[in-house]
Every structure is written in structure tokens, then in C-alpha cells.
Amino acid sequence: MRAIRVKLAVAALVLAAIVAGHGLFLRMLTWPLVDEQPAGEAAIVCLQGSEYGAEGDPTLDESARLCHAVPGHRILLLEPWPRRVVELGIVPSFEQMVRRELTGRGVSNAAIVTLRGKVRDDWESARLLGSWLQQNPAAEVVMLCDRFHSGRVRYVLDSELGRPLAAQVRILAVANPDYDPACWWCSRQGVKDVMYGWLGLAYAWEQGPQRSAPLRWTAEQYQSLLTETYGEAR
Amino acid sequence: MSSRRVGCLAGLGLAVCLLAGAVWARSRILPAAAAWLDVGGPPQQADAVLVLLGDPDTRGMTAAALVRAGWAPRVLLNTLAPSEQEKRGIVLPGHEIHRRMLLRCGVPAGDIFLLDNHVRTTYDEVLGLADYLASRPDWRVLVVTEGPHTRRSRWVLQRVLGDRASRTSLISAPMDECRSDSWWQNETGFSFVVSEYLKLGFYAIRYGTAGYVGAAGVILVLAWWAYRRRRRFPAPSP
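As you go down the protein sequences, you meet chains A and B in turn. If you count the first sequence from 1, position 29 lands on 28 in numbering that gives the first Met the number 0, and the numbers rise without skipping. If you count the second sequence from 1, position 100 lands on 99 in numbering that gives the first Met the number 0, and the numbers rise without skipping.
If you're looking for bench data, these hints aren't it; they were derived computationally from the structure. Heads up, some of the hints might be wrong.
Here are some, though not all, of the chain A residues that point toward chain B, as calculated from beta-carbon distances under 10 Å [to be verified]:
hint: 1; residue: L59
hint: 2; residue: Q133
hint: 3; residue: L198
hint: 4; residue: Y229
hint: 5; residue: G230
20 Å max Cα-Cα, derived SDA-like pairs, lysine to any residue [what the hints assert, rightly or not]:
hint: 6; chain 1: B; residue 1: K86; chain 2: A; residue 2: E61
hint: 7; chain 1: B; residue 1: K198; chain 2: B; residue 2: D37
hint: 8; chain 1: A; residue 1: K191; chain 2: B; residue 2: E85
hint: 9; chain 1: B; residue 1: K86; chain 2: A; residue 2: R104
Which bits of chain B does chain A cover? Going by a derived footprint, with three or more residues having C-beta under 8 Å, they are [claimed, not checked]:
hint: 10; stretch: 89-96
hint: 11; stretch: 183-196
Predicted model only: the values in this text are computed from it and were never measured. Even for Gly, the Cβ is constructed at its ideal location relative to N, Cα and C.
Go ahead and model the full structure; you've got the sequences and the hints to work with.
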């Protein structure tokens with residue numbers, strides 16, 4: 000009977016510890032997702048993103064701040080694969096959007112350089128940046144990315160570029176302004192970001208570079224596919 | 000060897016066999032896992048197309064193709080609650096991108112109806128549809144989304160609309176990177192399919208009865224464990 004009481008007391012203690020320390024436990028859950036290094040005096044800022052935004056507004060603010068802090072700065076844009084909304088002229092391209100926003104924050108248009116490559120994922124981004132770094136061996140680059148995406152970006156850079164080149168790139172993890180990253184579980188967007196962060200990191204660990212380049216249809220190809228599936232207009 | 004140890008070894012052996020079987024049969028299990036999520040069917044004549052807000056590259060273009068082909072005369076679009084970037088004008092709101100995609104793909108402006116409801120989730124979107132259909136009980140609606148999202152959407156439609164859910168049909172928009180026979184070979188497909196399973200679980204707990212069923216299951220297991228323990232170690236008689 001005494002042994003049962005001791006066990007019950009231990010179980011109650013463990014439960015109390017979990018309830019009291021759930022915040023610490025949930026924050027620990029994101030440790031592998033975040034990996035950043037001090038930006039130092041790096042004069043080149045690198046941005047990657049989609050047509051919907053450069054990983055969030057604070058990334059643009061932070062890029063402009065870094066540019067103003069370091070004389071002779073440059074900003075590298077890794078050109079993403081154009082989605083159909085861009086191809087059809089519905090939204091501006093990533094490059095157009097970033098140029099518009101950064102020049103609006105006082106960054107000179109001439110300081111923004113686009114690396115053409117139509118990248119489809121982080122692995123292709125790393126390859127494109129790597130080929131630029133080989134031509135600019137003295138360059139120190141700071142790459143801005145979403146906080147819960149930074150661990151994966153670091154892993155991809157290290158795996159794809161190897162140590163000497165990858166060491167030229169530092170990561171600056173920028174938090175989403177829509178929620179507090181120290182309390183990510185309090186917000187729906189935070190939960191989604193952590194979930195997708197883990198899925199992306201797990202996939203990168205498990206699979207490495209994509210086995211085959213992801214298929215992307217152009218607007219015309221997709222339109223033809225739809226017409227074939229649903230028929231012609233009546 | 001005690002019967003308890005034999006039981007543990009048998010359980011371990013069974014787990015190893017199941018795991019080995021899953022690895023061996025993965026080329027069948029993985030496509031089936033994606034196919035199970037996709038409950039989309041062929042289009043039927045309807046009164047409207049509802050585009051669940053998401054990727055306009057797929058959903059918007061598919062909805063426009065359905066209207067152009069004459070399956071429905073109009074498109075319904077929920078409106079999203081604005082994000083920080085949208086409030087600052089850096090990017091367009093998601094529903095506005097969808098609207099422009101529909102216009103660009105040939106749907107007349109007068110046939111696009113924006114539902115003023117500021118949604119955030121699939122559940123909110125179906126609530127928006129239910130509100131709209133309250134005064135149109137006989138309408139048939141085609142609901143457009145990507146294949147892996149259709150099962151969760153159907154679950155929500157059935158939960159919110161009840162019997163009227165039978166007047167809706169789910170249409171799977173073709174996806175560039177997520178095919179049921181190779182979704183695990185690229186990150187987009189992997190994230191989409193796995194996250195859909197996680198979201199299905201979340202929806203079942205948040206909006207369904209899975210939470211109560213799970214709690215009842217835990218209580219039953221604990222009661223069974225306590226009962227077995229009592230039988231094995233009966234209280235000493237005074």
C-alpha cells in the first residue's frame with residue numbers, strides 16, 4: 000500500500016512539473032528549428048522568398064537596417080521560380096516587390112543585385128548562392144530568413160556548400176510579427192510555422208536534396224490540363 | 000521464463016514485424032495514404048463554385064475553368080482576415096489575388112461574389128458558406144481545393160451543413176508537385192500530406208468528438224490497469 004502511495008506521489012509530481020514547465024518544454028521543441036549567427040560586419044545581405052513576401056515584412060525592415068549600418072552594402076536576391084500568379088501579371092514578382100519596398104526604405108536601387116536562377120527550393124537556392132560565392136571568395140553574406148526556418152536553411156547550406164563556403168554565410172533569423180516566438184503555441188500561425196518548420200527540417204535530414212526537380216506547369220500548360228479535364232466552354 | 004516476459008517479447012516481435020511489413024510495403028502504403036485523403040470527384044451541374052482560399056495557382060484557375068466550362072454560373076469567395084503584411088500594403092490580400100486570378104482567367108466581374116466574413120480557417124470558410132446558403136437551401140455548390148485537403152473539407156462540410164452537405168461536391172484541383180504516386184519524393188508533397196493528417200487529427204479533437212473519445216479511452220485503460228493490479232496484488236485481509 001505504501002509503495003502505491005509513493006508511486007502516486009511521484010506521478011503527481013511529474014504531472015505538476017509538466018504543467019508548470021510546459022512553456023520551457025514547448026520552447027525547447029523549437030531549438031533545432033532556430034540557428035543564427037551574429038551578422039557582424041557582413042556587407043552583403045541575401046534574401047530569398049516567394050512572390051507573396053520576402054519571408055515577412057520584418058525581413059525587409061531588417062535588410063534596410065543592415066544596409067544603412069554597413070557602408071558599401073549590397074543586397075542579393077535569389078530569384079524564385081515564377082508562379083502562375085506572377086506569370087499572368089496578377090501580382091508583382093519577388094524582385095519587383097523587394098525593390099519597391101527597399102527603395103521605399105532608402106536603399107539604393109543599384110545596391111540590389113538579382114541572381115537569376117529560378118530556384119524551386121532551398122537546395123537550389125544554396126547552389127545558386129554557392130556559385131556566386133565561388134566567384135566572390137572574400138564575400139561575407141548574411142542571409143535573412145524566417146525564425147523557424149533558419150535551422151533548416153543552415154543545414155541545407157552546410158550540406159550543399161561544404162564547410163569553407165558555407166562559413167561565409169551567416170543566418171539572421173527574423174521572427175514573424177504576428178505572434179511572440181517565445182509563446183508560439185498561443186497563436187494558430189505560430190503552431191503552423193513550427194509544424195511546417197519541423198516537417199521541412201525532418202525532410203531535409205531524411206532525404207537531403209530532392210531526388211527529382213519538382214514539376215511546375217506554366218499557366219498555359221495548366222490551362223490546357225484543366226480544359227482537358229473539365230471540357231471546353233459551352 | 001515468466002509469462003510477463005513472454006508477453007513483452009511477443010509484443011516486441013509483433014511491433015518489429017509490423018514495422019518491417021510497413022517498410023516492405025511502403026510503395027503501396029504511401030500512395031494509398033495520399034489517395035485516402037483525396038475524396039474529390041467529377042463536377043456536376045451546380046449553382047456556384049466556392050473556392051477555398053489557398054493557392055490561386057491551382058484553386059483559382061480550376062474554379063475559373065469550371066465556370067468557363069459551364070458547370071456553374073458564379074464563384075463565391077470568402078474574405079480573409081488581413082495579415083500584418085497585407086495591412087501595410089506589401090502584399091495583396093489572398094482573396095483579392097484569387098479574384099484577380101478569376102478575372103484573368105475569364106470569369107466576368109459580375110459573377111464573382113465576395114462574402115464579407117474575414118475567415119482564418121477552413122472551418123470558418125464553411126461557416127461562411129452556410130450563412131450564404133441559409134437563404135438558398137436548394138443550391139448545389141462545387142467546392143474547389145487540392146486533393147489532400149478534400150477529406151478535411153468534406154468532414155467540415157458534413158459537420159457544419161449536416162444533410163445539406165450532400166448538395167456540395169468536392170473538386171480536386173490538380174497539383175504541380177504533389178502526386179499520389181510520388182508525394183514523398185518532394186518536400187511540398189511531403190509537407191502537404193503529413194500536415195493534412197495532423198490537421199485532420201486536430202480538427203477531430205477541436206471541432207469533433209475525438210477529444211472525448213480519447214479521454215474516455217484513457218480512463219478505461221487506467222481502470223483496466225487498476226483492476227488487473229488489484230487482482231494480482233489483493234489487499235491483505237485484516
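Hint-by-hint comparison with the structure:
Taking 10 Å as the C-beta cut-off, the interface hint given for A:L59 holds, the closest approach to chain B being about 7 Å. The interface hint given for A:Q133 is broken, as the beta carbon of that residue sits about 26 Å from the closest beta carbon of chain B, more than 10 Å. Interface hint at A:L198: satisfied, since its Cβ lies 5 Å from the closest Cβ of chain B, which is below the 10 Å cut-off. Hint status for A:Y229: holds, given a least beta-carbon distance of 5 Å to chain B, under 10 Å.
About 5 Å separates the beta-carbon of A:G230 from the nearest beta-carbon of chain B, less than 10 Å, and the hint is met. Only pairs whose Cα atoms come within 20 Å are accepted, and B:K86 paired with A:E61 is accepted, the gap being roughly 19 Å. With a CA separation close to 14 Å, the supplied pair B:K198 and B:D37 stays within the 20 Å bound. In summary, the hint linking A:K191 to B:E85 is supported, as the alpha carbons are separated by about 19 Å, within the 20 Å threshold.
Straight-line distance between C-alpha atoms of B:K86 and A:R104 comes to about 17 Å, which keeps the hinted pair within the 20 Å bound. Chain A is given as covering the stretch 89-96 of chain B, and this holds because 4 residues of the stretch bring a CB closer than 8 Å to a CB of that chain, at least three being needed. Remark: the stretch 183-196 of chain B is confirmed as covered by chain A, as 8 of its residues place a Cβ nearer than 8 Å to a Cβ of that chain, reaching the required three.
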